[in-house]
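Participant: Construct all of the structure, not just a fragment, from the sequences and the given hints.
Residue numbers (numbering that gives the first Met the number 0), protein chains in the order written: chain A, 0 to 65; chain B, 0 to 537.
Be aware that one or more of the hints could be misleading.
[To be verified] Covered by chain B, according to a simulated footprint, are these stretches of chain A (three or more residues, beta-carbon under 8 Å):
1) 23–35
2) 38–44
[Unchecked claim] Stretch-level coverage of chain B by chain A, calculated; a stretch enters the list once three of its residues show a Cβ under 8 Å from a Cβ in chain A:
3) 385–398
4) 404–413
It is worth saying that the hints were derived from the structure and are not from the lab. Just so you know, even glycine gets a beta-carbon here, dropped at the ideal spot from N, CA and C.
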Amino acid sequence: MLITAPNLTRPDETYERLIAIHDGLTEAESHALNARLVLILMNHIGDHQVLDQALRLARDPSRAPD
Amino acid sequence: MTDLVAERYRLAFRLYPYARSPDQDAPAPARHKVIIAGGGPIGLATALDLGRRGVPVVLLDDHEGAGLGSRALCFAKRTLEICDRLGAAGPMLDKGVQWNVGKVFHDDRLLYEFNLLPEGGHAFPAFINLQQPWFEKFLHDAILAAQAEGAPIELRGRNRVDAVTPSADHVTLDIMTPDGPYQLQADWLIACDGARSPLRGMLGLSFDGRVFEDNFLIADVKMKADFPTERWFWFEPHFKSGDSALLHKQPDDIWRIDFQLGWNIDRAKELEPANIRARVDAMLGPDVAYELDWCSIYTFQCRRMDRFRHGRVLFAGDSAHQVSPFGARGANSGIQDVDNLAWKLALVLDGTAPDSLLDSYDAERVHGADENILNSTRATDFITPKTPVSKLFRNAVLTLAEHLPFARTVVNSGRLSLPCTYDGSALNGPDHPDMPPRTRPGSPCPDAPLAGGWLLPHLGRGFTLLSINQTVPDSLSAHGLTVPRLALDATPEIAARYLGNAKGAVYLIRPDQHVAARWDHFDESAIAAALARAIGKV
Ligand SMILES: Cc1cc2nc3c(=O)[nH]c(=O)nc-3n(C[C@H](O)[C@H](O)[C@H](O)COP(=O)(O)OP(=O)(O)OC[C@H]3O[C@@H](n4cnc5c(N)ncnc54)[C@H](O)[C@@H]3O)c2cc1C
Chain A
0 MLITAPNLTR PDETYERLIA IHDGLTEAES HALNARLVLI LMNHIGDHQV LDQALRLARD
60 PSRAPD
Chain B
0 MTDLVAERYR LAFRLYPYAR SPDQDAPAPA RHKVIIAGGG PIGLATALDL GRRGVPVVLL
60 DDHEGAGLGS RALCFAKRTL EICDRLGAAG PMLDKGVQWN VGKVFHDDRL LYEFNLLPEG
120 GHAFPAFINL QQPWFEKFLH DAILAAQAEG APIELRGRNR VDAVTPSADH VTLDIMTPDG
180 PYQLQADWLI ACDGARSPLR GMLGLSFDGR VFEDNFLIAD VKMKADFPTE RWFWFEPHFK
240 SGDSALLHKQ PDDIWRIDFQ LGWNIDRAKE LEPANIRARV DAMLGPDVAY ELDWCSIYTF
300 QCRRMDRFRH GRVLFAGDSA HQVSPFGARG ANSGIQDVDN LAWKLALVLD GTAPDSLLDS
360 YDAERVHGAD ENILNSTRAT DFITPKTPVS KLFRNAVLTL AEHLPFARTV VNSGRLSLPC
420 TYDGSALNGP DHPDMPPRTR PGSPCPDAPL AGGWLLPHLG RGFTLLSINQ TVPDSLSAHG
480 LTVPRLALDA TPEIAARYLG NAKGAVYLIR PDQHVAARWD HFDESAIAAA LARAIGKV
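Facilitator: Written out as structure tokens, the structure is:
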């Protein structure tokens, strides 16, 4: 089951890191980094069903995953 | 004199020269039990399987043997197992090339190297590389051997099917030969006439799916160079010889090279030897000496017929379904069609099974075709991303793959062709929860070593009752069939592949070596019921 309740241990710091990691990159490089990041996180999660819920939620955030 | 049966392609092997048949002088169309239209690998294998079951077959092809050129190359383990059942696998294995090491490149970097390390305890390797004309020749050799032992197989070269007229209980064919036209009738017609299937067109049947907007240049080159026997795949190769490239070893010092060229190309220009040489030079390096053996350009598609059975006409092989070659599923899946069809048609013809058994051919092989189309489509989409974002992700996977093993599992330059499990088939009987999933009803039996040999050759031409740690009578008779028992010792492989956590097992195995049903003890009436189900008598 996909966790949608708040789960980040340090939300502000983590978000800051997400933005900072793109410093100095061109837009194309940033897109490539994001793609790599998605793949790395997908592997960490692993479970096909959870990922499927996450993908659908990303496409339409107004719909709670079932 | 005009040539009534024009040659559309050159031959690698002339196998069945035209000879006038008495049928051509018959006052009325001669009637045959089974006619096969098309003598490619699938038609030949169908003739061989039916003939070895004693079913009289006439095969018609508008050529006289195996066509020259670069087509199928990789033949998978299941194909070899089926060919072994048909008495044709030995020479294939002897001539074919085996490989285990693959390398994946992106641009000018080696991303990683893999070793297939196939599972032990199987008679045949995961696959072999063998040129299609040789595969066809070895099937034909097995037909000659079967004929010598009395198998009622007749091959008629330069017999082109020009029209098909279906009736309720037979089909009439108009055939053209070098001596002019004649007609034949058949109780059953099997259309193995390839992806462009003229017979499909004659019957007005559709063939829908996806065309990939890409051209692939296939160059077979002969080189004596001491190249390692490995499969090399490049994404976006630095030598700019295409958007992807593949190098593969074949027998006789021949190497298969594929170059992905893109959609808008000038075919004639790309096929000029100087232009092909420029690409190959860039790939192999300047110092490698080679000769061009055969070159052609293909576009690929994934599509299938809605149904593979149309009354008395059955479609098999490329005429029924076509896939892109990534994952080598074309001929490999066609051979599984043959495996599925031949025993069913033989049982229908001798009256043991109702004609509805052939509907299960349609259901099971449509399922197989969909699985193959899905796999080939996924590989093609990975190799040739269709949108900027899919290319972004594809290249992100490749970047990660250089450093991280997890990303290598996503890299898809074609997945190995594995046989289909007929999950949900109407022919499947009871399963047992303690036994391994890989041998559930519908699965092809995995091979295993037995004292002095292998399991699969011990499975009979008909149904077999396989028993492990259970007392089972020598044979069981029901529904017009006698099913012999094969008692197995629970060796480590047999236990892992067939027993799982069960203490004993009884398997009902179909003539195509797929599991029909399984139990943990012998129950005669349950087995008889499963047998009835497996021959469509329910
Ligand atoms: C580049 C390439 C690479 C491939 N690689 C692989 C691979 O590695 N592994 C794999 O499994 N598959 C591969 N395939 C696919 C494989 O070649 C086909 O799946 C296979 O040839 C299908 O066999 P078939 O007998 O159904 O049809 P075909 O081989 O096309 O045979 C059809 C036959 O019917 C005859 N015929 C046609 N019309 C008539 C008529 N009117 N009357 C009488 N006869 C007729 C033809 O002359 C021909 O002999 C590849 C294909 C290509 C193009």
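Participant: Against the structure shown, which of the earlier numbered hints fail to hold, in ascending order?
Facilitator: As far as the earlier hints go, not one is violated by this structure.
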